[in-house]
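Chains as they are written, first to last, in our numbering: chain A, 1 to 378; chain B, 1001 to 1156.
Treat the hints as calculated values from the structure; they're not laboratory data.
Being a predicted model, the structure only gives us computed values, none of them experimental.
Worth double-checking, as some hints may not be accurate.
To be verified - Capping the alpha-carbon separation at 25 Å, the derived lysine-lysine pairs in PhoX-like fashion look like this:
#1 K153/A <-> K132/A
#2 K312/A <-> K1155/B
#3 K120/A <-> K1078/B
#4 K70/A <-> K309/A
#5 K1155/B <-> K361/A
#6 K1127/B <-> K349/A
#7 K349/A <-> K361/A
#8 K1127/B <-> K1107/B
#9 K309/A <-> K265/A
#10 K1065/B <-> K189/A
#11 K1065/B <-> K120/A
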Amino acid sequence: MSDELDRIRREMHSVLQPEGARPDDSLKITRRTFIHGSLLFGAATVSQAFAWWPLLNTLDIAHAAETPFKFAWISDTHLYPRSLNTRFVDKVVRAAQEVQAMDPPADFLIFGGDLAQLGKIEELELGVDLLKEVKIPKHYIPGEHDWYLDMGKKWGELFGQPNWTFDHKGVRFIGLDTVSRGPDYWTAKNMTPEERMGHMATLDGTVAGPWAGVGRDQLDWMEKTLADWDKQRPVVIFSHNPLYEYYPPWNFWVRDWREVHEVLKPYAKVTNIHGHVHQVLYNEIGTLRSIGMLATSWPWPYAPEGLPKLTKPMIRVDPGDPYDGVGWSKIDVAANDQLETEYIMWGRKEVFVQSPEDHDKHVSEVIRPRIADNMWPF
Amino acid sequence: MTTHSKIRCSLRRFGLVGGIAIAAVFAGPTSAHKDPVKQEQLKIYQEVFMEEVRKGDLLFHGDQKMAEQLGVADDLSKTGMACAMCHPMASDTHPQSFPKFQAQIAKFATLRDMINWCIEKPNQGVKIDPESEAMKALEAYITWSNTGSVLQPGKF
Ligand SMILES: [Fe+2]
Ligand SMILES: [Fe+2]
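Sequences are here, hints too, so could you generate the full structure?
Written out as structure tokens, the structure reads:
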């Protein structure tokens, strides 16, 4: 696995990262922590304000936009029916209230997939219901948990076409469907829809295989969608899965990421914002930068290998606090050419590791793939 | 090589009597009942272990049938969450770091203590018997999956 990853990374480097290629050279990435105004000029009690507005850690990314605006991101809510699990419901309620309370308000909300846990009608409808609290326009892309019970039927009824594009204040936004093109592992095994969904919902399962992909048809669509767009103007692409190879056994990738980069290569300012990984991630490949977002439901540990070197890892989480390691994100597109991502991590003042002991890989760990579901040799 | 020549050396030094005594030791007493380990035995031991690993893998991944079979279906989780949802491939379980002072429990704890804490807190389930087959199976899977990890007892 490691050798293969190494080989692929070298190949990726030589093909996509020619001498000196970086995402837009006016860009810089900095980290800063600032205290929200309500804390500095503390009305009410500090603890109240603190619970509502955590300290924010930000990534600053420069981009060209006509007028400044903000948008918000929520993903990976993994809702179960309310009767089974209220914790995940509570966290969506909180995220929705916080997005709605943004001042100045966000122009729109992106929902980045995995609204439901097991793709049930009841779960998807619960999500729609909870997000009604957010009154600004909402755009949805699907996650694998939303899709594989009825192959996207209910999701489509609720949200329409899974891939889409729109322009907003000088930025072209594209939503991709990276989940619906999984290989058919269910027909030959006569699986029920629930069994199919169960394998898909197991991150470290071996049955569903490399399901994450963009697909030739959607790549062509993306190429066409971008054809009339000035190559120097900003593009922001939303996807459930990261658009590079991080850790394929958990589908922390899309299998056709090379083709994705072929399509995006001519564009100087592309930012990919993705969910699925439930963790802070940052990577650059050629002129494309990728930012991984937090889930509201639960955090995943970093994968055993392949963590991009450019990622400043998020802090090791306290498993006893359901609000730790999770949250949502604000993205600021500023007039001074900045696109700024703020991780709103509820349980933390510091989102990023502060010492080696804060890193979840501080304890040296070598793990191996599971065996009990080995029914299909991929 | 070195060992071999040393033995020959000492045989010569002990002379005839010593030589006979050593030969007797090599042959063993007539009442001996222990045989060298056989490949078939090793295979069985390994199969027993891997069967527990397999059961633990299923429990860890929320398999309802296995939980019923081992009598813990009502205990392991009441939130729909399974262990593997936070610990894919049993990562971040760190069996190699136990026993240790476990901050969440605020006491010196074993892996089994921590498994029960996870069942009780994040999963909102009911603690299982630390000596039960279900617990041993979970322990088997977690440690098996972390086979390559280096022992670091006490590590935070
Ligand atoms: Fe997810
Ligand atoms: Fe996902």
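Status of the hints after comparison with the structure:
1. At most 25 Å may separate the alpha-carbon atoms for a hinted pair to count; K153/A and K132/A meet this at roughly 21 Å.
2. With a CA separation close to 23 Å, the supplied pair K312/A and K1155/B stays within the 25 Å bound.
3. A threshold of 25 Å between alpha carbons decides the hint, and for K120/A with K1078/B the separation of about 18 Å falls inside it, so the pair holds.
4. A threshold of 25 Å between alpha carbons decides the hint, and for K70/A with K309/A the separation of about 28 Å lies outside it, so the pair is violated.
5. Taken as a hint, the K1155/B and K361/A pair is honoured in the structure, with Cα atoms around 12 Å apart against an allowance of 25 Å.
6. Of the pairs offered as hints, the one joining K1127/B and K349/A is violated, with about 32 Å between alpha carbons and a cut-off of 25 Å exceeded.
7. Taking the CA atoms of K349/A and K361/A, the gap is about 21 Å. The hint holds against a cut of 25 Å.
8. For the hint linking K1127/B to K1107/B, the alpha-carbon distance of about 17 Å falls within 25 Å, and the restraint holds.
9. Taking the CA atoms of K309/A and K265/A, the gap is about 21 Å. The hint holds against a cut of 25 Å.
10. Among the hinted pairs, K1065/B with K189/A is consistent with the structure: their alpha-carbon atoms are about 19 Å apart, no more than 25 Å.
11. The suggested pairing of K1065/B with K120/A holds, with an alpha-carbon distance near 21 Å, which does not exceed 25 Å.
Violated hints for the displayed structure, listed by number in ascending order: 4 and 6.
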